[in-house]
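In order, the protein sequence lines correspond to chains Z and S. Each residue of the first sequence is one higher than the last, beginning at 1 in our numbering. Each residue of the second sequence is one higher than the last, beginning at 181 in our numbering.
No lab work stands behind these hints: they were computed from the structure. The beta-carbon is built from N, C-alpha and C at its ideal position, and this holds for glycine as well. Watch out, some of these pointers could steer you wrong.
Chain Z residues, not near chain S, derived (Cβ > 12 angstroms throughout) [said to hold, decoys possible]:
hint, residue
1, Val-24
2, Trp-25
3, Ser-85
4, Pro-88
5, Thr-125
6, Glu-164
7, Glu-169
To list a few chain S residues with every Cβ distance to chain Z over 12 angstroms, as calculated [as the list claims (entries may be wrong)]:
hint, residue
8, Ile-237
9, Gln-238
10, Arg-303
11, Arg-304
12, Glu-329
13, Phe-330
14, Gly-331
15, Arg-389
Listed next, the in silico SDA-like pairs over lysine to any residue satisfying Cα-Cα at most 20 angstroms (straight line) [what the hints assert, rightly or not]:
hint, chain 1, residue 1, chain 2, residue 2
16, Z, Lys-139, S, Val-361
17, Z, Lys-5, S, Cys-290
18, Z, Lys-5, S, Arg-304
19, Z, Lys-84, S, Gly-363
20, Z, Lys-69, Z, Gly-142
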Amino acid sequence: MRSLKLAGQVASVALVVALLGLLVWKVVQNDRTNVASSFEKGHQTKPVDFDLKRLEAPGKLKLSSLRGKVVVVNFWASWCEPCKSEAPRFEAAHKRYGDRVAFVGVDTADYSSDAGRFLDRYGVTYPNVRDPDRSVLGKYGGLPIPRTFVIAPNWQVTGYIFGEARAEELESAIQEALTA
Amino acid sequence: MRWLVLAAVGLALAACPAALASEEHPSSYEIQTELWCDDCQTTLAEASAVTFTPKAIQFIDQRIAAGASKSEIKQEAVKKFYGHLSLLAAKPQPKASQADLEGEIMCPVCSTTLDQSDSPIARRMKADIARRIAAGDSKKEIEDSLVAEFGQQILASPPKKGFNLLAWILPFVALFGGALVLGLLAWRWSRNREPSPPAAQLSPALERRVDEELARFDEG
Chain Z
1 MRSLKLAGQV ASVALVVALL GLLVWKVVQN DRTNVASSFE KGHQTKPVDF
51 DLKRLEAPGK LKLSSLRGKV VVVNFWASWC EPCKSEAPRF EAAHKRYGDR
101 VAFVGVDTAD YSSDAGRFLD RYGVTYPNVR DPDRSVLGKY GGLPIPRTFV
151 IAPNWQVTGY IFGEARAEEL ESAIQEALTA
Chain S
181 MRWLVLAAVG LALAACPAAL ASEEHPSSYE IQTELWCDDC QTTLAEASAV
231 TFTPKAIQFI DQRIAAGASK SEIKQEAVKK FYGHLSLLAA KPQPKASQAD
281 LEGEIMCPVC STTLDQSDSP IARRMKADIA RRIAAGDSKK EIEDSLVAEF
331 GQQILASPPK KGFNLLAWIL PFVALFGGAL VLGLLAWRWS RNREPSPPAA
381 QLSPALERRV DEELARFDEG
């Protein structure tokens with residue numbers, strides 16, 4: 001009876017320790033895989049790959065297929081006010097840099113019809129993908145948006161803009177990635 | 181146990197000819213309960229006399245008299261009264277309510293249901309739901325379209341199928357398991373309780389001395 005009681009106590013303590021361990025692991029894991037927080041802490045940060053459906057064309061786009069180029073990844077939605085202000089700046093930069101820099105828009109938690117109208121309205125011509133359930137955005141820092149990441153050809157994140165991207169911020173982040 | 185199996189087999193054997201009889205020799209009322217009156221939103225059996233209902237019932241009676249089977253009569257009636265009658269299985273689903281849907285759909289950016297949120301996307305979704313309800317879409321159609329747009333997580337409660345079924349079953353399993361463990365522990369505890377120690381016995385010498393003391397006390 002006494003050994004049974006002891007076994008029960010040991011099992012209870014082990015369960016509590018295991019749950020605590022799981023909590024700590026989850027927090028650490030989340031911190032490691034969250035591109036924004038890892039970059040802000042000054043760690044060498046690789047982008048998290050994604051393979052999402054194209055918004056304005058059939059098929060999918062895999063981020064890692066752009067490896068070797070400077071890539072600008074912009075998370076946006078049609079209901080997001082700052083996204084409306086920054087969209088023309090991304091398009092202007094896309095036209096200015098041409099093939100040297102790949103731009104990818106990630107429309108998140110949005111109606112596809114609204115997103116399509118948004119692209120038409122702001123004349124966006126670079127590829128856009130859909131992240132309807134925010135699963136990819138979560139790995140890049142989650143809400144709020146917009147968030148913009150600039151990836152260098154050596155596949156390291158070299159720039160991160162939280163909130164509306166101003167033209168000079170974007171320019172400087174792209175230049176840094178081009179020279180990395 | 182054997183009796184139960186025998187009873188089930190007997191019941192199945194009895195039901196089979198009954199079902200066949202119902203198909204080959206249906207009653208008029210039976211057929212009316214299996215036809216949906218689109219104009220009155222009830223079965224034909226429950227429908228009040230709308231322009232076409234007496235004619236439809238008369239048609240059913242005539243076809244029964246001619247020896248047609250139940251499924252034939254139902255198909256013919258739906259064809260003859262097209263736009264007024266439909267098979268019950270194909271009856272329109274109940275209309276969705278705005279309040280119900282807003283309580284069962286999550287806002288994709290605020291981790292609350294739509295009725296708790298006033299974010300731009302929540303307002304947009306509420307307007308979309310209202311528009312679709314006005315267009316006559318059923319609750320399921322609206323839910324399906326939102327899931328197609330935003331993914332399964334948009335539903336406040338997981339659907340009761342596949343892997344998601346676990347979310348509905350596990351709490352009951354845990355509750356049952358907890359109650360079982362608690363009951364077991366209580367049972368063990370009540371069985372193993374040590375009996376209270378018996379009253380201390382006095383040694384004969386001490387007992388004699390107590391008696392002597394008491395006698396002396398009485399004399400005094």
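Verification of the hints:
1. In this structure Val-24/Z is separated from chain S by more than 12 angstroms, as the shortest Cβ-Cβ distance comes to about 23 angstroms.
2. For Trp-25/Z, the shortest C-beta to C-beta distance to chain S comes to about 22 angstroms, beyond the 12 angstroms cut-off, and the non-interface label holds.
3. Non-interface status of Ser-85/Z relative to chain S is upheld: no Cβ of that chain comes within 12 angstroms, the nearest being about 15 angstroms off.
4. Here Pro-88/Z stays apart from chain S, with its beta-carbon at least about 20 angstroms from theirs, past the 12 angstroms limit.
5. Consistency note on Thr-125/Z: stated as away from chain S, and its beta-carbon is indeed over 12 angstroms from all of that chain's, at 24 angstroms minimum.
6. Annotated as non-interface, Glu-164/Z keeps its C-beta farther than 12 angstroms from every C-beta of chain S; the closest such distance is 16 angstroms.
7. With a cut of 12 angstroms on Cβ distances, Glu-169/Z stays outside the contact zone with chain S, its closest approach being about 24 angstroms.
8. Listed as outside the interface, Ile-237/S is consistent with that label: its C-beta sits roughly 47 angstroms from the nearest C-beta of chain Z, beyond the 12 angstroms cut-off.
9. The claim that Gln-238/S is not at the interface with chain Z holds, since no C-beta of that chain comes within 12 angstroms of its own (minimum 50 angstroms).
10. Separation of Arg-303/S from chain Z is inadequate, the least Cβ-Cβ distance of about 9 angstroms not exceeding the 12 angstroms criterion.
11. For Arg-304/S, the non-interface assignment is contradicted: its Cβ lies about 6 angstroms from the closest Cβ of chain Z, within the 12 angstroms cut-off.
12. Distance check for Glu-329/S against chain Z: the nearest CB is about 6 angstroms away, which does not clear 12 angstroms, and the non-interface claim fails.
13. For Phe-330/S, the condition that its CB be more than 12 angstroms from all CB atoms of chain Z is violated, with the nearest at approximately 5 angstroms.
14. For Gly-331/S, the shortest C-beta to C-beta distance to chain Z comes to about 3 angstroms, within the 12 angstroms cut-off, and the non-interface label is violated.
15. Consistency note on Arg-389/S: stated as away from chain Z, and its beta-carbon is indeed over 12 angstroms from all of that chain's, at 41 angstroms minimum.
16. The hinted pair formed by Lys-139/Z and Val-361/S fails the criterion: a straight-line CA distance of about 40 angstroms is larger than 20 angstroms.
17. For the given pair, Lys-5/Z sits about 46 angstroms from Cys-290/S by alpha-carbon distance, which is inconsistent with the 20 angstroms threshold.
18. Taking the CA atoms of Lys-5/Z and Arg-304/S, the gap is about 58 angstroms. The hint is violated against a cut of 20 angstroms.
19. The straight-line distance between the Cα atoms of Lys-84/Z and Gly-363/S is roughly 62 angstroms, outside the 20 angstroms bound, and the hint therefore fails.
20. Proposed proximity of Lys-69/Z and Gly-142/Z is contradicted: the alpha carbons are some 25 angstroms apart, above 20 angstroms.
Hints 10, 11, 12, 13, 14, 16, 17, 18, 19, 20 from the list above are not met by this structure, while the remaining hints are.
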